[in-house]
Amino acid sequence: MSGWMLIDVALFAILLCSGIAIAKIRQLFAVAMLSGIFSLTSACIFVMQDAVDVAFTEAAVGAGMTTVLLLGALALTRTREKLTPTARSVPALLVALTTGALLVHASGDLPAFGIEDSPVQTHPVTERYLVSSVEEIGVPNVVTSVLASYRGYDTFGEVVVIFTAAVAVLMLLGQRAPREVRERAAPMRDRQRVLRVIAKLLIPFILLFGLYVQFHGDYGPGGGFQAGVIFAAGVVLYALVFGLDAARAAVPMRALRPLLAAGVLLYGGVGVATLLLGGAFLDYDLLAAEDPVAGQHLGILLVELGVGITVTSAMIMLFYGFAGRGIGRGVGRS
Amino acid sequence: MSLLSYYNYWIAIVLMMVGLYVVMSHANLVKKMIGLNVFQVAVFMLFISLGKVRGGTAPILDPAFTTYSHPLPHVLILTAIVVGVATTALGLALAVRIHEAYGTTEEQDALKRDDAESGAR
Amino acid sequence: MIEHLPALQVVIPLLAAPACVLVRHPRAAWGVFALTTLSALVISTQLFVQTIDGGVLRYALGGWPAPFGIEYVVDAANALPLLLVSLLAVAVALYAPRAVEAEIERPRIYLYYACLCLYLAGLLGIGITGDAFNVFVFLEISSLSGYALIAMGRHRRALLAAFRYLVMGTVGGTFVLIGIGLLYALTGSLNMADLAERVPALYGNRALTASLGFIAVGLAIKAAVFPLHAWQPDAYSQASSAASVLLAGAGAKIAIYAFVRYAFGVFGTDFIGDTLPLAEVLLTLGVIGMLVGSAVACFQHDVKRLLAWSSIGQIGYIVAGIGLADVQGLTAAFLHLFNHGLIKGGLFAVAGIVMLRTQGSTLDHYAGLAKRMPGTFAALLLGGLGLVGVPLTAGFVSKWALAQALISAGQWSVLAAMLVSSLLALVYVGRIIEAAWFREPPAGEAAPAAPGMSVAAWLLVLLTLWIAVDSAGLADVAGVAARGLLGGAS
Chain A
1 MSGWMLIDVA LFAILLCSGI AIAKIRQLFA VAMLSGIFSL TSACIFVMQD AVDVAFTEAA
61 VGAGMTTVLL LGALALTRTR EKLTPTARSV PALLVALTTG ALLVHASGDL PAFGIEDSPV
121 QTHPVTERYL VSSVEEIGVP NVVTSVLASY RGYDTFGEVV VIFTAAVAVL MLLGQRAPRE
181 VRERAAPMRD RQRVLRVIAK LLIPFILLFG LYVQFHGDYG PGGGFQAGVI FAAGVVLYAL
241 VFGLDAARAA VPMRALRPLL AAGVLLYGGV GVATLLLGGA FLDYDLLAAE DPVAGQHLGI
301 LLVELGVGIT VTSAMIMLFY GFAGRGIGRG VGRS
Chain B
1 MSLLSYYNYW IAIVLMMVGL YVVMSHANLV KKMIGLNVFQ VAVFMLFISL GKVRGGTAPI
61 LDPAFTTYSH PLPHVLILTA IVVGVATTAL GLALAVRIHE AYGTTEEQDA LKRDDAESGA
121 R
Chain C
1 MIEHLPALQV VIPLLAAPAC VLVRHPRAAW GVFALTTLSA LVISTQLFVQ TIDGGVLRYA
61 LGGWPAPFGI EYVVDAANAL PLLLVSLLAV AVALYAPRAV EAEIERPRIY LYYACLCLYL
121 AGLLGIGITG DAFNVFVFLE ISSLSGYALI AMGRHRRALL AAFRYLVMGT VGGTFVLIGI
181 GLLYALTGSL NMADLAERVP ALYGNRALTA SLGFIAVGLA IKAAVFPLHA WQPDAYSQAS
241 SAASVLLAGA GAKIAIYAFV RYAFGVFGTD FIGDTLPLAE VLLTLGVIGM LVGSAVACFQ
301 HDVKRLLAWS SIGQIGYIVA GIGLADVQGL TAAFLHLFNH GLIKGGLFAV AGIVMLRTQG
361 STLDHYAGLA KRMPGTFAAL LLGGLGLVGV PLTAGFVSKW ALAQALISAG QWSVLAAMLV
421 SSLLALVYVG RIIEAAWFRE PPAGEAAPAA PGMSVAAWLL VLLTLWIAVD SAGLADVAGV
481 AARGLLGGAS
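Protein chains in written order, with the UniProt record's numbering: chain A, 1 to 334; chain B, 1 to 121; chain C, 1 to 490.
Source of the hints: derived by calculation from the structure; they are not laboratory data. Take these hints with a grain of salt, some might be off.
[Stated by the list, open to error] Here are some of the chain B residues that sit facing chain C, going by a computed Cβ distance under 10 angstroms:
id	residue
1	W10
2	V14
3	L29
4	K32
5	L46
6	L50
7	T67
8	H70
9	L72
10	P73
11	V75
12	L90
13	L94
14	D114
These figures come from a predicted structure and were not determined experimentally. All C-beta atoms, glycine included, are put in the ideal place defined by N, C-alpha and C.
Working from the sequences, and respecting the hints, build out all of it.
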């Protein structure tokens, strides 16, 4: 017990230190790295608190994708921040302290951490998810059955959120910057032979791992979101080592755009299909005649696939958006 | 023991406030987005700690375990994480466009440039 | 299919967005958007008809009954905002082609329509759901697409406005998330009806109070309630014209609806009125908003900014009505929510037309235009009079209802503030009228007229005229809505 406590304390200490460092440091490249450390540490804490799917997603999305986007943005802007005048920092500090104090005061009435008979644990929803889901859906990973089936509509909304972000960034940053602005970054050829070889070895395994995570989400941590980000990471690695043009040739925009839409349409299509089969929107029981559990399995498979497709395309499009905007401008300069 | 029962919540709250402070006080657009991120991750930590059961395990059903932590907070936070990265991506894209249009990523300087221009007109 | 209407109301716009991305051609994308808005209007009208007399429609998404799954609940309190959003959306569909061509680069037009579909879907999703967390998801869908739509405005200032809105809006959304989390920790449930049953046992719990506080502040940021309105004037005035109609007409209103649903439908009237002084706080904020919004509007040179500040003032009326926390006050709030949405939408539509023709939106750009565009400016006049609350306009109907509610509650100071603010509205509307009718137009040609845009503006204004003339029906529905919310969870 105390061993875990020590780990907990250590992780929280790292979190607090990196949080305060993020606030104080003005060299933004360092701050971006610290934010990655912050996300990764919080992913570890999520594991400590039994939230394995969440940890996986936070590590992939928060520590991985967000850091890539931050670095992309910093490469296009500047990396040093101006000093914050006291006129701004003092009122902000007061507001933050007051809100924090109010929350701490209020948390006194919350159920204590980890107790077994909190309202959350005793609500009938818990029993339904943890016990009945075996008969109704038959998937060991309860988070997946809640995410994809019981609360599948929320997940539909979530896919749409990612879709919205990709569409918005596409609209704002365009597909490629004007020709005069773009400097081609020389693909790292002869100087970085080791990187090229290792990348070529790793990328197939990354993609394979992504497929594994996609389809294994029923039985362990995983699912469409994590898989999509891992897939995209493979493509991002390829772009970093072999050059954006090579990546664009391998995974072109004209393929990504329809895929982005296709994932959302697949998810919604499953719902429309269940409507036409006579049930409610996203009622997977109807997808396999006679066998509701098989229907649930099919439904979850299809919607997770839709999620994976859209998330992959969205993440790659986001990366292309930032990377294609003006390579070389501002890189290495502070 | 009551102190130790709540320290998880308190640390999350402190981190939330650090993030909120960064968002409100710093003028640099990229720094604001990072602060927003810290704020959101801290909220996720608060949420997740609400579902934890002492002696439980991850909610993946297995004959070897009987007590599980509650899965619903996990589902909600999964959604919230995705929403968070979507917002970050959009915010950073805006920051890039603002830098191209104004030549700066400090909010105050950009506003001053606009005011100077409209004053000169 | 009829029983699936609640689901289709949101699903159709949600699926229209990827369809827009697939079609890519500007006209085709507009076609998808227009069909979507028409279907949304048809569905929301049908839902409206079914709930006028107090009926409640429920829909269990995924086939899982509440509280195990997500539930859509439609009663009169939802049907009104849903109808408002759909009406504005149809107007935008009429308005958009010319406005979008003028402001957005051709290769990106299909993305713009996709964002409009997403914004519509987000607003409708917030309005129709009966699940506390589902509100958050759709709040974020509407917010994200909203930021993008604002950023597409023609000046670079639009980018800054969108960024500021993004930061404040995300903080607000995260506050709502904190509130939902606290509610969940205390009850173990996310379904609004279930929560309403479990919450009364917890009155006096500090975390419950904090939960309401966070949800209230978060939604207040989204609704631009004073003093959390800082993002709004820039955002409304810089937004691309087509989006501004929907944004200004419906964006804040849906956030207010969500707040009312949480406050009365989940937490309960007793909590608002007795346990917490929230009702008094709302009344005070409403008064300050009314006065400050209208006063600052009087000093604006840019008409879109003037209209934005006017909105802050008008939202103050709605907030005051909610603060009364009784049937009359809430009825008046719903009435004004609906009427002002139409009026402001129409006014922003006219402002967009002027922007198209004169490339600007300051009062100087409006000089003498009433003589060049009499039809359009007649619509502006009617809308402006509605803002003031002149008798025979829709604005008068809702302001009169509010005045009556204030009198019966004995809130004389609020009534006085309302009268002062209406006088101020007369001033700022007067400035626009003075510029448009009584100044000389500049020499030179104005850009050609845009019939679709004028039709859209007139559609909205005519609707307000209809309400002014035949207000009893709408008032009844608003009353049913208010009673439904206050009478306890159902």
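Are there hints from earlier that the structure breaks, and if so, what are their numbers?
1, 2 and 7
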